[in-house]
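Undergrad: In case you want the letters, here they are:
There are 4 protein chains.
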Amino acid sequence: MHRRPGAPLITTHSPGVILNGVTGRMGLNQHLRRSLWAIIQQGGIRVSDDETILPRLLLVGRNPAKLEAISREFKDLPFCTDLDRALVDGEFDIYFDAQTTDRRADALRKAIAAGKHIYCEKPLATDLGTAVELYRLASSAGVKHGIVQDKLWLPGMMKLRTLRELGYFGRMLSVRGEFGYWVFEGDAIPPQRPAWNYRKEEGGGIILDMLCHWRYLLDNVIAPVRAVSCLGATHIPDRWDEKGVQYQVTADDSTYATFELDGGVLAQFNSSWCARVRRDDLLTVQVDGSKGSAVAGLRDCWIQPYAATPRPVWNPEVPNPLNFFEGWQRVPEQQSFENAFKRQWELFLLHVVKDAPFPWDLREGAKGVQLAEAGLESWRRRAWVTLQPVN
Amino acid sequence: MHRRPGAPLITTHSPGVILNGVTGRMGLNQHLRRSLWAIIQQGGIRVSDDETILPRLLLVGRNPAKLEAISREFKDLPFCTDLDRALVDGEFDIYFDAQTTDRRADALRKAIAAGKHIYCEKPLATDLGTAVELYRLASSAGVKHGIVQDKLWLPGMMKLRTLRELGYFGRMLSVRGEFGYWVFEGDAIPPQRPAWNYRKEEGGGIILDMLCHWRYLLDNVIAPVRAVSCLGATHIPDRWDEKGVQYQVTADDSTYATFELDGGVLAQFNSSWCARVRRDDLLTVQVDGSKGSAVAGLRDCWIQPYAATPRPVWNPEVPNPLNFFEGWQRVPEQQSFENAFKRQWELFLLHVVKDAPFPWDLREGAKGVQLAEAGLESWRRRAWVTLQPVN
Amino acid sequence: MHRRPGAPLITTHSPGVILNGVTGRMGLNQHLRRSLWAIIQQGGIRVSDDETILPRLLLVGRNPAKLEAISREFKDLPFCTDLDRALVDGEFDIYFDAQTTDRRADALRKAIAAGKHIYCEKPLATDLGTAVELYRLASSAGVKHGIVQDKLWLPGMMKLRTLRELGYFGRMLSVRGEFGYWVFEGDAIPPQRPAWNYRKEEGGGIILDMLCHWRYLLDNVIAPVRAVSCLGATHIPDRWDEKGVQYQVTADDSTYATFELDGGVLAQFNSSWCARVRRDDLLTVQVDGSKGSAVAGLRDCWIQPYAATPRPVWNPEVPNPLNFFEGWQRVPEQQSFENAFKRQWELFLLHVVKDAPFPWDLREGAKGVQLAEAGLESWRRRAWVTLQPVN
Amino acid sequence: MHRRPGAPLITTHSPGVILNGVTGRMGLNQHLRRSLWAIIQQGGIRVSDDETILPRLLLVGRNPAKLEAISREFKDLPFCTDLDRALVDGEFDIYFDAQTTDRRADALRKAIAAGKHIYCEKPLATDLGTAVELYRLASSAGVKHGIVQDKLWLPGMMKLRTLRELGYFGRMLSVRGEFGYWVFEGDAIPPQRPAWNYRKEEGGGIILDMLCHWRYLLDNVIAPVRAVSCLGATHIPDRWDEKGVQYQVTADDSTYATFELDGGVLAQFNSSWCARVRRDDLLTVQVDGSKGSAVAGLRDCWIQPYAATPRPVWNPEVPNPLNFFEGWQRVPEQQSFENAFKRQWELFLLHVVKDAPFPWDLREGAKGVQLAEAGLESWRRRAWVTLQPVN
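These protein sequence lines map, in sequence, to chains A, B, C and D.
Using this note's numbering, count along the first sequence one by one with no gaps and you end on 395.
Using this note's numbering, count along the second sequence one by one with no gaps and you end on 395.
Using this note's numbering, count along the third sequence one by one with no gaps and you end on 395.
Using this note's numbering, count along the fourth sequence one by one with no gaps and you end on 395.
Wrong hints could be hidden among the right ones.
The list cannot tell twin chains apart, which means a pair is met if one copy fits it or any two copies do.
Said to hold, decoys possible - Taking lysine-lysine pairs in the BS3-like style, the calculated list, with each CA pair at most 30 Å apart, reads:
#1 295 with 148
#2 247 with 295
#3 114 with 148
#4 204 with 70
#5 295 with 204
#6 70 with 114
#7 247 with 148
Honestly, the hints are just simulated from the structure, not real lab data.
Full structure from sequences and hints, please.
TA: Next up, the structure:
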């Protein structure tokens, strides 16, 4: 009755996104189901009271049967098996790549050439030269570009970062990361991860996989990485694949790395598929600072400030009267956390549509590859390797 | 009343022990109070039903007032401030040294020359050359010799060793040691450790201190050490001594070391006076093996065999449903454990008096110094250092 | 055998202390039993390895029967009922006064005139003029002087002070003190405190009693007090004394005071003998700072740093999901704490014998009286009262 | 089927309510969603078996986009941006105002002039003169009028009132209120409250906000307020608004007030956005009486009657054996409690439609403003301020 004529219209932006690699585990679950589809289901990203971003999707892959099944699950999303044809389609603005690493570079080169904005999974490439080339190509082409750095949006890591911004740590001294768990060999108990992860010739290896993560995590949450000393190992030489066929492990399944960061901070990160977990979470990062320490897991974070630091007595003759877990306090939830992949997708779409800042570009992706490569070199040379600037 | 005529007389051996350095914390508490005095109070070491070892003690030191006070506490034990005079006294057979490291070599040379059996605290010396010289001097002189390696008798470490001997681990893959706690700077809260520990010029430094321990611990409990990569740091540059006087820290207060052991086992040990403790104990050692893992603290040890290894899910969106501490089982107490220092004293006295085996001789002490020296070299050269045999 | 002739002699200082007022509760329990007698029993105060202070005592009082009983309990300590005679005795160096407040000034004047060093209970006097006069008399006479400020050595308050020195609070914003408990009226349940506390004409009144404490506590632990707004009340008009005789309460039994401190810190202290305790301790002090808060009781202290500060939701419709006590962490014990009165006695004896610093002199005692007097004036005038410097 | 012939028809009253200010947090959540919409959803207020009150709503506001979004959420409730036009509409009987305080007076004057019944949020106005004028205007106009006093329907406060009515307290002696929590500054952690609360020029300030509440709470639950001594402070000078823009705080963010009530009861209330919570709830009110005490939070209430009052011992040398929280008993739930805002809305609608009593009129609203104004005056004059009758 009182509705005024001329009430404001709501603007809806509908960027088209080509999703390549959704038949893989990460592509399907994290990028399609929990990120883009969830965004669509909630009515898009609300920019303001009268402006919304609602992406349109096109699925691309090599296996038409799998694609069709996925399409059906998501209310008949369009799909095709011909990337080249998809790229010439002017209706799509963004190319996203979640293929295996060894296929990434070629597809990105084509998509850049087609003028698409680029978003992709890490590692950007299997070597630094290619990674830098891709970064430069995208920059010269003037397209927008970004790379997945999901661990930055893990609630536990965000809490660490907030603590740093609050000045909680005083001067940061050292960092200890423990990552991994026991991945079953596959003979008696089925394996939890695909076999290609354990084959060097298919882009496997924990150094290449994880050092990319540790690079952006350290750079963003603690301080920029300057140098690395790294040791790899193949602790379990024989495994069985998803079909029960025995194979030889040719890639490293564990790595013990030490990093020097800006400001003299030292960081030690163990990553292993051959370790059993007796700690707070699958990934824990302890930061010791002059004014306090924190230990973060995936979601939770515990702190022990200077004033709560106990004074233990070394006396092995009696059972220890201190429980060293009790002297820590859980950081309360001060904001709600969304799925890390979804959060980064929202930021990337805002970057493309509204030009919002998005610092996690292909240059950052190349830095991750750089650290992995330097780690492998350090292992080979048995010495520290210093990182050069990436441009 | 019921003693049979002709019952055997009890033989009591009374080796004389010169104790040099009992005015220090370790000398007084661990070696005098909890080891030798405890042995005397319990009536000596019972070798058999009719044979006992009851040591006689002579305290040597530089501060007569302190010595007198200690003497009074221990029922007027004899004391003197003149080591040379004590060494010529034929009534004493053993020379024990718990002085600061920089005073050890001179005193040992004199004691060896005087024909005394030698037992001493670690580090044997501040450099490998001197350590090897002392080992060779003692060997040539034909005296018996030993060095303190107390952590071998920590109940937790003994349990680890028993697990290895039981074949529990299968093939040992990797080891992670975490040692240390926050040592207060001394301005607002009094410091827990003496200032000389933080002064290089007085023999301080955590690399020299702890790598000696890690050498014998790894060699004896896991596998012999072959190579080391080591990084040291002085995280806290200013401290206050026992009298509240500020001083500059000149020695390393933290070290991050990786070791290669025989059989391809990799070990990573963090030692730090600038870290806060969120783990089971002040020292924890985790061993991961192909058939099971164990985590040992000073006294307790927890195991997770292959069959109890969980299969965690990486899902940061929901609070983790697994408590990773619950999948471990405490190793039950199967024997009673005595003070580590006392236990080794008993073994050394049996070695001297009854010629029982005592593998922890000055050569082993020199190996500890070797690892510390190699650690310092690795830090300086920023590269791995391989250990040579010590003879 | 090896004891050298000429081993150093130990020097023992034996200052004589006249104790006046030991028949009262505080004098007997806190000053004699737990302080001076405990010092004597432990062999005196150890200044260094070869120097000790061992006080000699003389008990003075008005009731010879009580004095004799006390003397007998403490191995026949000497006693007398004639203060004047005791004061002329050259063997005694220190005069200590724990009489009721209205008798203190006369006795102190005599003791100062006799050249004794002065130590006494608070309040120094019942009015500021007398308190300042006593301070000036003692200063001019050149004797050493001190006043009891026991709450400074409560472990909880020492922890607060350490937190401030650590910079834990950031900028201190506000302080809330809650002190007191229900003192039974004495008809059905016997009273816990003597009747004179509730009679103005005998020096009673909670403002006079407690504002002296809050003055030195705030001045030393938080920041100097600048102004006060104070309201007193006599909530319970009738009480029964120790003998069951009813009397009218003429003094204030509760006080609600607000203080302004240097640096803009605001402090609110409730003190009441008519309140029931639902909090951590009989005295709790909460300090809120820009970087963290703390709540201290008599012994314990709990902290909530900025990073652990929760974000509560105001939603009275559902039971509160947060337990507001869980977000706090207990400050660990980092040093051992002795009886507060004993600790201050040791410091005063070191001050007299060795000239060690002792800032808690009669001027500080006068400041306590000043705040109490200003509190009473504020109550009367119904306005804030600003404090003037005491000299 | 079983309806008797001649069964009475059900009468439904449908008063029209103009809701002004629903785009604000309180207006939207408490008044629209949880009160009026909830009443509509449950089928209205049932006066009797055959009589119901079912309000009709018209949303008024200044931002059409926000209004449209709200309208859509509540099944297309009508809305308009022109208050004048809404007020001339004869279909609406009641005007409700939840705008910011500085806009309230003008709107109320218009609504009264238009003959509407008046209901509004507190504070009624920013100064007492205006508040009294509004009360007199509404009275003279003969319209019904009321003001929100939600804390009276907090379950915890209702329990306190019931205890008073039961005579539980004996004579009430004193009251202590603690209100508030830490409102984040907004730099590292997003703020919980809108920026205007911290700007005096926009009607912010905790004294104006909270003393209105404490007036009706004390008047209704304890005893009428007679005089106030109040101190305000701006503890945090810089904050960041909802968009991350830094601004200067110009209003008080904490206040420390003492009140005298009828019958000699003394009340002390701390209200602060800069305090951390170590107590039972976000608001706690302790009442000490001659026969018993109670502590109420938002929902729960705990009591300690005379007979359960403990007799604590002051002995800081040993850890306190008493847990002072255990001596209290939770008051059981004897009735179910509804949302406070909804409950008062129901009473106001019954007042308008059925002339049921409603004592919380604009005069009571003016009294709240009076106490806030007197608090500000007391702060300025540094003295107690006595309240005059409001007529």
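Undergrad: Checking an output row: residue 295 and residue 204, CA cutoff 30 Å. Within, between, both or neither?
TA: Classified as between; 25 Å across copies, 43 Å inside a copy.
Undergrad: I want to check one pair: residue 70 and residue 114. Are their C-alpha atoms no more than 30 Å apart within a copy, between two copies, both, or neither?
TA: This pair counts as within: shortest intra-copy Cα distance 24 Å, inter-copy 44 Å.
Undergrad: Give the relationship of residue 204 and residue 70 under a CA distance limit of 30 Å: within one copy only, between copies only, both, or neither.
TA: Within one copy only: 26 Å inside a chain, 56 Å across chains, cut-off 30 Å.
Undergrad: At most 30 Å between CA atoms: does that hold for residue 247 and residue 148 within a copy, between copies, both, or neither?
TA: Answer is between; shortest inter-copy Cα gap is 25 Å, intra-copy 41 Å.
Undergrad: Between residue 247 and residue 295, at a C-alpha cutoff of 30 Å, which is it: within one copy, between copies, both, or neither?
TA: The answer is between: 23 Å across copies meets 30 Å, while 52 Å in one copy does not.
Undergrad: Reference check for the pair residue 114 and residue 148, CA-CA at most 30 Å: within, between, both, or neither?
TA: within (15 Å within a copy, 55 Å between copies)
Undergrad: How would you classify residue 295 and residue 148 at a CA-CA limit of 30 Å: within, between, both, or neither?
TA: neither (41 Å within a copy, 41 Å between copies)
Checked against the numbered hints above, the structure violates only hint 1.
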